[in-house]
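Student: Listed here are the chains, written in short residue letters.
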Amino acid sequence: MQESLQKRNWSGRAVLLLPYLWLVVFFLAPFVIVFKISLSQTAMAQPPYLPVFDLSTGWAGLREFAAQLSPDSFRLLFTDLIYLLSYLKSLQVAAISTIILLLIGYPFAYGIARAPRGWQPLLVMAVVLPFWTSFLIRVYAWINILQRDGLLNDVLMRLHIVDAPVSWLSSDTAIYIGMIYSYLPFMVLPLYAALEKMDETLLEAAADLGCPRWKTFWLVVVPLSLPGAAAGALLCFIPIVGEFVIPDLLGSSETLMIGQTLWNEFFANRDWPVASAIAVTLLVLLLVPMLFYERLQQRSLEGGR
Amino acid sequence: MADGGKAGRGPAKNEKQPLVRFEAVTKRFGSVVAVEALSLDIGHVEFFALLGPSGCGKTTLLRMLAGFETPTEGRILLDGEDIVSVQPHRRPVNMMFQSYALFPHLTVEGNIGFGLRQESVARAEIADRVAEMLALVRLQGFEARRIDQLSGGQRQRVALARSLIKRPRVLLLDEPLAALDKKLRGETQFELMELQRKLGTTFVIVTHDQEEAMIVADRIAVMDRGRLMQVASPAEIYERPNSRWVAGFIGEATMMEGRLGADGNIECALGRLRTGGTGRARPGDTVWLALRPEKIGMASDRPKGDFNAVSGTVSEIGYRGDTSIYKILLSDRSVMQVALTNASARGGTPFSLNDLVWLSWPPEAGVVLTE
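One line per chain: the protein sequences are A and B, in this order.
Each step along the first sequence adds one to the number in my numbering, with nothing skipped, and position 28 is 28.
To convert a position in the second sequence, counted from 1, into my numbering, add 1000.
Nothing false has been slipped in among the hints.
Here are the simulated DMTMM-like pairs of lysine to aspartate or glutamate, each with C-alpha atoms no more than 25 Å apart in a straight line:
no., chain 1, residue 1, chain 2, residue 2
1, A, Lys215, B, Glu1069
2, A, Lys197, B, Glu1175
3, A, Lys215, B, Glu1125
4, B, Lys1198, B, Asp1128
5, A, Lys215, B, Asp1148
6, A, Lys215, B, Glu1109
7, A, Lys215, B, Glu1143
8, B, Lys1327, B, Glu1239
9, B, Lys1304, B, Glu1267
10, A, Lys197, B, Asp1148
11, A, Lys215, B, Glu1119
12, A, Lys197, B, Glu1069
Some chain A residues well away from chain B (every beta-carbon gap over 10 Å; in silico):
no., residue
13, Trp10
14, Leu81
15, Gln260
No lab work stands behind these hints: they were computed from the structure.
A quick note: this is a predicted structure, and the numbers were derived from the prediction, not measured.
The beta carbon of each residue, even a glycine, is placed where N, CA and C say it ideally should be.
Take these sequences, add in the hints, and give me the full structure.
Tutor: Here you go:
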């Protein structure tokens, strides 16, 4: 009896260990490597930076290695305006997109959650359906739709809403269209999950106590769906900040988002240290909303015991 | 109404007319008939129970009164006014839900005060009335608690307080005690009765628990398949059921089929049984004599006196502590159920399996039923 209990304890611990192991191998270790590169200098070499970590040189080699590390790349990030502008641009696009996604996603999710039970799986399926096509292909399709002689201008001109073709592509509008289209499922699904598990008698109780429908929505439905909204906002905001494909294909080349700047440093300039510094800074930046969400969840967990 | 305007949102217009009146109300869900051409009056300051097996339409009836369902046909009057087209949030009735339906994101105070905050009631008054309600359900000091920090019994009280704070004309209780354990349920039944007397409000309770309905209610409407089977006081329903269905649904009863003779006695397989009254039955009708287990006496010898008496053997004994249930196999192979109080402190039962016994009851103990 005692023994089997102990055994179960061990297997229980192993299960707990597994996600941590995963995080160490696939997140922490790569992060340490990237962080190390961000403190290095560019070099015309293979790999294109110095110093290179070499265990065979022993203790002295290690100390020499550490002495060569410097935060120069980070200093550059804060002195050259292009990086700051890229970060700001990314945050702006992510913030505005997330707000629009919330406004569009909420009625979507609410509609699905209030649909007849039998329909709901089908509607959820419809939300997820775009994932069956490659992300890249879907963004390319938007180029087709938004270009000068594309579908959108065609329709608008036929309906006599505009007289001459509008140039949609290579603009912030195109970026927002792409972002909102691509990330809508990530907003709708967690919102739906939160709205779907809400007890409908709560709405009846509110009505019974003299609360009209529209007010019930604000006093009961919205507060109870807040965790879903937070999860959806985070699921959209974080990847949008680092998004590369959508701004690169649909946006203009004037102001770059941070993902594009990073790509340029890495591939065009072959400046691995600066690219790494951009990545590290971005990660620290994104930690803020993540910690905020963590605290929100902690609070609801403590309450929901 | 005992204390006039205090207990109701509007003054009672006419004490003579019933507070609530269902007029030929029918409710269909698609092809399913939940309530069928039902008419019912509920009086002022009455504790009224809707009792029936699940699916009998009692909850639908309650929800129509609250406004969550609209009758397919018929009218529902409150104080003589048709309320069918009045939205739920405008009706002067409040409901306590079976699941309690407490708002998980609000505190106890937020939940109880919710109804008043929908009206333009001053903050100070809301606080006062919430405190008053908390005192009423004995939850003082729980204002700031979250709902998930409460036990089942405490949640039940919060739900009750929340539904009472607007001083409704009618309080609707949908299986209010179903989620409580048996002991707590018993205590809460008496608290509900006390509360109803104290507030002088009409309570309408839906329950599937016969005992609960009989304990709390002044009058009970027994329902089956969307129709009223009998509407009467608990004692009348128990002692004078109007049909075999009601007699069987409320409590236990042994039913003996026979033919009513011209002398008012019943001829059946057990012989001639005398009755205390034959009600609507006429000589020659097929009737059933319904007998409650506790009305039957049991002895080893044939009793003397003005009794109906039959003999049989003990085939089963169920010991319940306070009483024992005996199943007696009679000469016509039918089984009669008898309940005896275990008055002796020695424990055990005075009769054993296969004992030959005589069962007897006075003529007026049985009820003659025609349907």
